[in-house]
Amino acid sequence: MNWQELSALLILATASSFTPGPNTTLSTALAANFGLRRAMGFVCAVPVGWSLLLAFCSAGAGALILAAPVLRWGILLAGMAYLLWLAARLANSRQLTQADASRLNVTFGKGVLLQFLNIKAWMLALSIVAAFVAGQADPLQRFLIILPVMIFFAFTSNLAYALVGSLLRHWLAQGQRLLVFNRTMASALALTAAWLLWSAL
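Just so we're aligned, residue 1 is where the sequence shown starts under the working numbering, counting upward by one.
The set of hints was computed from the structure by calculation and includes no laboratory data. Hints are supplied without guarantee of correctness; some may be wrong.
[Stated by the list, open to error] Distance ranges between label pairs, derived from CB positions:
no., residue 1, residue 2, range
1, Phe-18, Ala-131, 15 to 23 Å
2, Ala-194, Leu-168, 21 to 29 Å
3, Thr-19, Gly-175, 28 to 36 Å
4, Arg-72, Gln-174, 40 to 48 Å
5, Ala-130, Asn-92, 38 to 46 Å
6, Gly-175, Ala-78, 33 to 41 Å
7, Ser-199, Trp-85, 17 to 25 Å
8, Ala-194, Thr-107, 23 to 31 Å
9, Ala-81, Leu-168, 23 to 31 Å
10, Ala-173, Val-70, 43 to 51 Å
11, Glu-5, Asn-105, 34 to 42 Å
12, Val-70, Ala-194, 18 to 26 Å
13, Gly-175, Asp-138, 51 to 59 Å
What you are looking at is a predicted structure, and each value in this text was computed from that prediction instead of being measured. In this text, a Cβ means the ideal position worked out from N, Cα and C, and glycines have one as well.
Using the sequences and the hints, build the whole thing.
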């Protein structure tokens, strides 16, 4: 990859990783409610899941799945349903350490699988493959350059949002602040689901 391509990749990675979305919203909410240590499982799950998704798309399977309308809509609707379910669970959490863990039980495995239900992640992976990997003379070498870049951005963006949530944790413990915060995060998840649907139409 030349420096122009690498610069374009870095700009795309920054814009796509640090803008709010389902992953960063969940990282923030988990850290605010349960602390940074609890959120780290999900923070680490995002780059793992996204790496698998990128490899899947680079192998050509992603384009085949999204080319089939039934499968594409299945991924979209399943992802939306999961985001809305999480939003509903999060909206009523009002205490920190006493918060029912089952309300926002996003394990490492679920975090990995969530990437496969995120149509935004699919479109980003396919865009990267189309722009930087597919049809090139050295696709494997390019994939091996792109993969650590995207892992770095997926991890650091979610860690940054989790740190913000963790720093807000004690401030949120006062009065109704946590409930308001959680309902704001729940609304962000619901709006993300609506945006994904709107983008797909």
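We went through each hint and held it up to the structure:
1. Phe-18 x Ala-131: 15 to 23 Å: holds, 19 Å
2. Ala-194 x Leu-168: 21 to 29 Å: holds, 25 Å
3. Thr-19 x Gly-175: 28 to 36 Å: At 30 Å between Cβs, range holds.
4. Arg-72 x Gln-174: 40 to 48 Å: holds, 45 Å
5. Ala-130 x Asn-92: 38 to 46 Å: holds, 42 Å
6. Gly-175 x Ala-78: 33 to 41 Å: Holds, since Gly-175 and Ala-78 (Cβ atoms, about 37 Å apart) stay within the stated range.
7. Ser-199 x Trp-85: 17 to 25 Å: Holds - the Cβ-Cβ distance for Ser-199 and Trp-85, about 20 Å, lies within 17 to 25 Å.
8. Ala-194 x Thr-107: 23 to 31 Å: holds, 26 Å
9. Ala-81 x Leu-168: 23 to 31 Å: holds, 28 Å
10. Ala-173 x Val-70: 43 to 51 Å: Given about 46 Å between the Cβ atoms, the range holds.
11. Glu-5 x Asn-105: 34 to 42 Å: holds, 41 Å
12. Val-70 x Ala-194: 18 to 26 Å: With Cβ atoms ~22 Å apart, the hint holds.
13. Gly-175 x Asp-138: 51 to 59 Å: Holds, at about 58 Å.
Hint check: no violations occur; every hint is consistent with the structure.
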